[in-house]
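Visitor: Now for the letters of each chain:
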Amino acid sequence: MGIETKNSTKNGRFGHFGGQFVAPILLPVLDRLEAAFDDARKDAEFRDTLNQLLHRYVGRPTPLFDIPRFAARKGGAQIVLKRDDLTFNGGNYANSAVGQCLLAKRMGLNAVVADTGSGQNGIATAAVAARFGMKCTIYIGASDAARQQSTVKKMTLFGAKVQIVEDADRALSAATSAATRHWMGRSDTTTYVAGAPIGPHPYPEMVAAFQAVIGRETRLQLIDQGLAPSIFVSAVGGGASTIGLFSAFLDDPQVRLMAVEGAGEGGEKSAHSARLGRGRRGIFHGAETMVLADAHGQIISTSSIAPGLSYPGSSPQLAHLVETGRIETMEVSNAAAKAAVLRLAKREGILLCLEAGHALAAAEGLAAQLSPDQTIVVMAQSSGDKDIETLVEEIPQ
Amino acid sequence: MTQSATTPKTRRIDSMFKRLKAEDKSAFVTYTVANDPTFEASLALMHKFVASGIDLIEIGHPFSDPILDGATIQKANIRGLASGGNLDRTLDLCAAFRQTDPVTPLVLMGYANPLAVMGYEHFAQRAAAAGVDGLIAGDFPLREAGDLLDALARSGIFMIPMAAPTLEAKDFTSEHPAVGGFLYCIPVVGPTGGPSASIEAIAAGVAECRKVSTLPVMVGFGVKTPQMAADVGQVADGVIVATALIDMFQGKLNGDDPQGSDYLDYVAAQINQFRMAIDK
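Respectively, the protein sequence lines represent chains S and Y.
For the first sequence, my numbering gives the first residue as 6, with consecutive numbering after it.
For the second sequence, my numbering gives the first residue as 206, with consecutive numbering after it.
I should point out that these hints are in silico values taken from the structure, not numbers from a laboratory.
Do not take every clue at face value.
Said to hold, decoys possible - Example chain S residues on the side facing chain Y (calculated, C-beta under 10 Å, incomplete):
no.	residue
1	Asn16
2	Gly20
3	Ile30
4	Leu31
5	Val34
6	Asp36
7	Leu91
8	Phe93
9	Ala179
10	Thr185
11	Ser192
12	Asp193
13	Gly231
14	Gly287
15	Ile288
16	Ile305
To be verified - Keeping only pairs whose Cα atoms sit at most 20 Å apart, straight-line, the calculated DMTMM-like set for lysine to aspartate or glutamate is:
no.	chain 1	residue 1	chain 2	residue 2
17	Y	Lys416	Y	Asp470
18	Y	Lys375	S	Asp36
19	Y	Lys230	Y	Asp484
20	Y	Lys280	S	Glu171
21	Y	Lys416	Y	Glu405
22	Y	Lys375	S	Glu39
23	S	Lys158	S	Glu394
24	S	Lys110	S	Asp53
25	Y	Lys253	Y	Asp461
26	Y	Lys375	Y	Asp355
27	Y	Lys280	S	Asp172
28	Y	Lys253	Y	Asp470
Just so you know, even glycine gets a beta-carbon here, dropped at the ideal spot from N, CA and C.
Produce the entire structure from the sequences given, and follow the hints as far as they go.
Guide: Laid out in structure tokens, this is it:
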């Protein structure tokens, strides 16, 4: 297994997206990280250690299998799930947390800081930091912490110091800003573990490289199972699992790649988190990318029932792939996502997160337009344990 | 655009340093967020700054996500936004200030996204028309600023580079005609309003800047007291005090009239104390 990426360009640019829009104080830190990553990815020993950890510590490869009882109506394409919810800690975030912590260790750093929205990057980073004996600080928005209390407790059990952020939207965006400030003051000992392929170069490229294992596995599993899918569907928050899955299929023009964004309550007027489909070009959290901002460039608060989707910025690589037409976007409302998660749980015994529920709902609509001999692959990035409180409100007593 | 557009406007910062050098003084700079708490209050405050000894004003254009700033300036941004502040209104404010003060240099300070959304060319032209002399953008390093620098050069506005002891010279020096004014030397790591560096570390940082640049060097971040400002003034060409003064002003304001003489007299007295310490 290699850790190369596709479609990345020099100087961290994907078309006109990307770059390093950071306080100058972070430039040497990013330069060191870039050099260390370039060096590590060529090192066979680093790759072996990483692959071993992905296998034994994260629990890869994760299964790919169908969910025949999920569909409300018969007759459409078959839907198969890529089950990254079955990793040991933090769903697919474990892939890049292991990679980045291993790299930090190699660079002689002894502490990590991360932000988390859905809690999964926090859990993954806290778990790996525990394993590597590194100090770990996790920033989470106050509203995300309140609706995912068990995740916060889990991070604490792994020894992480959890910082609840009351600023701004009290969600992922505020947590990212706070984690960045923390990192700026301590970059001599601490590295920032990005959950998503967002932020300044080399983060988008590096996170995508560590997440590419999802797509590579899926490709082999599809061949193994004799499946030739028509569409890959993934919900986009920061975009870690989306780019991880899609990266292995970018050069297969016969397959459609569908990025699903949170429509919030739904409708034109309500708050949402669809910055790839409805955002504007801007500069946010270190990169030129698609952002939700008003006409004056102020960042707009997002809304989604899935905390992991509720983020106003986006991966510069995904922004580029959407702009060039390789990736399509769709929107799914809170209610549709929730209904999909509940039905999957009832009919298949699989509890997925609300983020994945968006992809499931989108896939169901797409499947109806295809024939039963066709296949749609849906990314299941993490389990729904964190959303139990939100989900049980919906079940009639 | 013709040569004439770049001549008079770029000179305000240069003439300030020339004047101060002749008087053997260091520059004293402060920062305020536009529209904190209102447009009119900002205008009154800026004139009061100048009247009580400020040489150059950094005027923050409010942004929803001031990532380089600590709690004090984050809150100031929130107040500025709440009263309708944005890049557009900040340029209006600069233009209003310029009507009665043609001399004091104004340096716009803020973040990249509002500039990107306004468009660099449009921004540069509007800023020049409003009498802005320079730009400091917290998340816009020189290595990314090609298009912005070209636009600024066409309008005769300086991009003020931020320098830090950990940076390589290439990240704060440039031959580009838009890069100039002064070097903003940041002797500490971390956001604004954080801990102070020792005067020895500051002197070393300034010396490093002078090795690779002929621009005047101003020191900001972590300068909190008149005594410290005086010490910094001994080693640098200028001192920037932001968070410490905003904290004092907020403490005094506390619901009072931000345009009232009680508050503005207090502002003048505080500025004066720093000014006297720096000039001693």
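Visitor: If a hint holds in the structure, say so; if it does not, say that too.
Guide: Hint check results:
no.: 1; hint: Asn16; in the structure: 8 Å, holds
no.: 2; hint: Gly20; in the structure: 15 Å, violated
no.: 3; hint: Ile30; in the structure: 5 Å, holds
no.: 4; hint: Leu31; in the structure: 9 Å, holds
no.: 5; hint: Val34; in the structure: 8 Å, holds
no.: 6; hint: Asp36; in the structure: 8 Å, holds
no.: 7; hint: Leu91; in the structure: 35 Å, violated
no.: 8; hint: Phe93; in the structure: 33 Å, violated
no.: 9; hint: Ala179; in the structure: 8 Å, holds
no.: 10; hint: Thr185; in the structure: 6 Å, holds
no.: 11; hint: Ser192; in the structure: 7 Å, holds
no.: 12; hint: Asp193; in the structure: 8 Å, holds
no.: 13; hint: Gly231; in the structure: 48 Å, violated
no.: 14; hint: Gly287; in the structure: 5 Å, holds
no.: 15; hint: Ile288; in the structure: 4 Å, holds
no.: 16; hint: Ile305; in the structure: 8 Å, holds
no.: 17; hint: Lys416(Y) with Asp470(Y); in the structure: 41 Å, violated
no.: 18; hint: Lys375(Y) with Asp36(S); in the structure: 13 Å, holds
no.: 19; hint: Lys230(Y) with Asp484(Y); in the structure: 6 Å, holds
no.: 20; hint: Lys280(Y) with Glu171(S); in the structure: 12 Å, holds
no.: 21; hint: Lys416(Y) with Glu405(Y); in the structure: 17 Å, holds
no.: 22; hint: Lys375(Y) with Glu39(S); in the structure: 17 Å, holds
no.: 23; hint: Lys158(S) with Glu394(S); in the structure: 15 Å, holds
no.: 24; hint: Lys110(S) with Asp53(S); in the structure: 15 Å, holds
no.: 25; hint: Lys253(Y) with Asp461(Y); in the structure: 17 Å, holds
no.: 26; hint: Lys375(Y) with Asp355(Y); in the structure: 18 Å, holds
no.: 27; hint: Lys280(Y) with Asp172(S); in the structure: 10 Å, holds
no.: 28; hint: Lys253(Y) with Asp470(Y); in the structure: 9 Å, holds
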